[in-house]
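Q: Put the two chains together into one complex; each comes in its own frame, and the hints tell you how they fit.
So the sequences go chain by chain: A and B.
Residue numbering for the first sequence follows the working numbering, beginning at 17 and increasing consecutively.
Residue numbering for the second sequence follows the working numbering, beginning at 179 and increasing consecutively.
Possibly wrong hints are sitting among the right ones.
[Claimed, not checked] Covered, in the sense of this in silico footprint (three residues per stretch, anywhere, with C-beta under 8 Å from a C-beta of chain B), are these stretches of chain A:
#	stretch
1	85 to 95
2	105 to 116
[Stated by the list, open to error] Cut-off 35 Å, straight-line C-alpha distance, at most; resulting in silico cross-link-like pairs (DSBU-like, lysine-lysine):
#	chain 1	residue 1	chain 2	residue 2
3	A	Lys24	A	Lys81
4	A	Lys24	B	Lys266
5	B	Lys266	A	Lys81
No lab work stands behind these hints: they were computed from the structure.
C-beta: ideal position from N, C-alpha, C; glycine also.
Spelled out, the chains give:
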Amino acid sequence: MTTLLNVKDLRAYYGQVQALHGLSFSLNEGSLTTLLGANGAGKTTTLRAICNMVRSTGGIEFDGKPLNNRSTESIVRFGIAHVPQGRGTFTTMTVEENLQLGAITRKDNAGIISDIERMYAHFPVLKQRHTQQAGTLSGGEQQMLAVARALMLRPRLMLLDEPSFGLAPLVVRDLFGILGKINREDKVSILVVEQNAQLALELADQAYVIETGRIVMSGNAKDIANNEEIRKSYLGY
Amino acid sequence: MELFTNQVLAGIATGAIYACMALAVVMIYQAIDHLNFAQGEMAMFSTFISWQLMQWGVPYWGAFIIALALSFVGGIAIERILFKPLAKAPVLTNVAGFIALYAIINSSAGLIWDFTIKQYPTPFGSSPFLGSQLISTHQAGMIGVTVLLLIGLYFFFQYTRIGLAMRAAASVPESARLVGINTSWMIALGWGMATAIGAIAGMLIAPVVFLEPNMMGGVLIYGFAAAVLGGLTSPFGAVVGGFLVGIFENLAGTYIPGVGNELKLPIALALIISVLVVKPAGLFGRHIVKRV
Numbered sequence: 017m018t019t020l021l022n023v024k025d026l027r028a029y030y031g032q033v034q035a036l037h038g039l040s041f042s043l044n045e046g047s048l049t050t051l052l053g054a055n056g057a058g059k060t061t062t063l064r065a066i067c068n069m070v071r072s073t074g075g076i077e078f079d080g081k082p083l084n085n086r087s088t089e090s091i092v093r094f095g096i097a098h099v100p101q102g103r104g105t106f107t108t109m110t111v112e113e114n115l116q117l118g119a120i121t122r123k124d125n126a127g128i129i130s131d132i133e134r135m136y137a138h139f140p141v142l143k144q145r146h147t148q149q150a151g152t153l154s155g156g157e158q159q160m161l162a163v164a165r166a167l168m169l170r171p172r173l174m175l176l177d178e179p180s181f182g183l184a185p186l187v188v189r190d191l192f193g194i195l196g197k198i199n200r201e202d203k204v205s206i207l208v209v210e211q212n213a214q215l216a217l218e219l220a221d222q223a224y225v226i227e228t229g230r231i232v233m234s235g236n237a238k239d240i241a242n243n244e245e246i247r248k249s250y251l252g253y
Numbered sequence: 179m180e181l182f183t184n185q186v187l188a189g190i191a192t193g194a195i196y197a198c199m200a201l202a203v204v205m206i207y208q209a210i211d212h213l214n215f216a217q218g219e220m221a222m223f224s225t226f227i228s229w230q231l232m233q234w235g236v237p238y239w240g241a242f243i244i245a246l247a248l249s250f251v252g253g254i255a256i257e258r259i260l261f262k263p264l265a266k267a268p269v270l271t272n273v274a275g276f277i278a279l280y281a282i283i284n285s286s287a288g289l290i291w292d293f294t295i296k297q298y299p300t301p302f303g304s305s306p307f308l309g310s311q312l313i314s315t316h317q318a319g320m321i322g323v324t325v326l327l328l329i330g331l332y333f334f335f336q337y338t339r340i341g342l343a344m345r346a347a348a349s350v351p352e353s354a355r356l357v358g359i360n361t362s363w364m365i366a367l368g369w370g371m372a373t374a375i376g377a378i379a380g381m382l383i384a385p386v387v388f389l390e391p392n393m394m395g396g397v398l399i400y401g402f403a404a405a406v407l408g409g410l411t412s413p414f415g416a417v418v419g420g421f422l423v424g425i426f427e428n429l430a431g432t433y434i435p436g437v438g439n440e441l442k443l444p445i446a447l448a449l450i451i452s453v454l455v456v457k458p459a460g461l462f463g464r465h466i467v468k469r470v
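Okay, chain B solo, but in the shape it has when bound (with noise of 0.2 Å):
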């Protein structure tokens, strides 16, 4: 039974960071109809920047914020300057586009930092949590940080002019023009906050994976995974997604025979395969309720 527990609660933790993810992926694919590839290259390379802030000598907390601005105005720059000129072209141009990012990022940062593993500092220590055995400080913190995120982000979507305005843009674009919401830069608005939330996501899972270009590589497969179970059009499912898929992960990693850590992977890419063939649409998407 403690294995058990045990192994849920890692998976909460882990299911955090795919949860994150997932919103990212989300929040874009509601604005521009896109996956976008690319989005755990960007939160690696957020990651690198505050690792090279806190080389400079700044403390964590600090690195922490800055490289979340920076992350904001990168995305809002990289939505700018590649995607906004992308709008109207067809999907397969978008493709190549962010197949494009994430090469460029991902070689970008390892021109710059090289591609050896680094260490990663955790503001939380790496102790039993509350003098428990079953979950770590740090783990602990990750969902501690993730549900604050995700508190803040539903009082700025359900309360505020600018949230209000944001989903109208991703909802109907037309109507939004119409009552003189300005839907491009609501666009760029949202690959700046999910480029940010991505960053959160890379900062808190890089103490677990090890800093390296390619760390965010099988996060993103879960983060994927976890937005299609809980359907990409749907944030709360995206978060809902992340945390089951964290779950079953560890699950099936205990207890399914021949599974271990090395077929984790191929079991989130499975889960891809079945919701789409079971669910399309995944657990939380988008039923429009209508009468004609």
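Just chain A, with the same shape it has in the complex (with noise of 0.2 Å):
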């Protein structure tokens, strides 16, 4: 297994306020990973410092290439897609151009022709609204064009900051299943932050826990659910 990203001793700041306070986790080729913590613990400031969305300072590695003090724009470039909180939608454009703006930075028009049908593929309720504006989706269906958005970059990894914010359970147990369909069968090395720690350490085979700015605990994930301690203390379930 080689580690596709690595983070060591990430401090990151909003103003004078102080948000990480040396973080170090690792992650590895092909792995899901989930970064679980409550509310304000620094899961989302995280995911923005690896795409240098935030001021942060520490060591920050993709494939064994240094990411700190690149622009977000060059990081998306190194197969980085980031679905943020609130899914970021082009609300005033198409499905379609949602979709062909995800592949933007790529130069192969065919295959991006026919990357928009394997999204489709996919997720079947997009290709019914292609022409659509996006702002008049439902909250699932965004959620759906955030993820096939960020797969139109063909990435390596994806960062997905609380995919399951505000969706019914059901649509959230859904996403969730096509997430790991793409891990597996894509490649797609996928790191994802959540509030729902229960269904994410079933989704996942790696887990961090946050509290305030640091690690405190790591481990296989079946290991963590599996641990009631860990659980009552940290996760809340």
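A: Structural data, given as structure tokens:
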């Protein structure tokens, strides 16, 4: 197993306020890793720091190459697709245009067209609505669109920030099923941040628990799910 | 009836120019959320450049194209040098920047080419268009060039990747960066295009208002009126607004007693205020359909 993402002693700041206090973790190629923790623990900040959307210090290496001090848009070109909190949909554009934007850094037109078809196969509802304004989709459909848009990059690593947020439980199950499939079949490594710990641990193979900007627990997702003490004290279920 | 048709057609012709100015203003407004008060002066300067080229013996269309290219580059340079550093500054700082730009360009033009009024040629001639007394060939040319420009821009934004990227960068900058779009350059590109569009407006209207450093003052106010009427967030609205304002201006000047040529400008200002009071988003302003 090779390490795809290696984060060392990451500290992040919002103005004077420090949000991450020396956080270290790594993610193996092909794995589906989850980052758990309560509100305000620093999960979103961690993802934002990886894409240099917040001021940070420490080492972030992707496939052996340092990502620090690169612009957000150039980090995308390494093959890192970030689905932000709130999904980041281009609401005034059509569903199809959203998908094309996901592949905007790619040059292979034929590949892009076939990938759009592939996304429609993954998410049939998007095909039905491909000419519709993306803002008119339901929350679940917009989350599907956000995942599809990220996949259009043909990413090596996908960062997902609370994909379950605001979705009905059944829709969440559906979505997580698709994420697992993408991870296995398309060989996309996934780092997913979740508040819904139970579901995330079912899906993931590796898990980290964050509290106030530090990693307090790490290990195999199944072990963490089975450890009642950890569950009660950190995950609240 | 002939007077009415005549005034409407003349209104469409000047409306085409207002549409271009409004479009230029809206493009920059979409990109950086500020009104470019210097848009008119930039267009005037571009027009002077084309005039200078013609003085040096370059034929009209050659001067036209070179002026467009220089305007495009100049617009990008203005954004990189002046407004990129101001990107995170408060609104008033930006307003001061625009006023400074206005003053600098206006005075530089006066310094280089002085303030005397100059003739500016038209490539279309000024004979009656197709033998009809309703409209001159130059007016028809103004409409024709503008329509070609608008069609070109429509295809650019709708069907090219770079057009798509520019729209994305203007609508949700953070998401645009997350798909790998260099939003900063998209803004610069928007400035370049807006400046070139303004240059076309300047070169088309110059034979009518004559060439001098203050030639675009009134035109820009009408452009603002058009942009506000159509909705500052809608390029399509800006274009429609431009034609409407052009027609309205001419009809008001002809039919409302006492307005005449002198009071046309206050009418544009009255229009801006009425729209802002009655329908602040303008006719085609953004109504985002959203389901939560």
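Q: Looking back at the numbered hints, which does the structure fail to meet, lowest number first?
A: When the structure is compared with the hints, none of them turns out to be violated.
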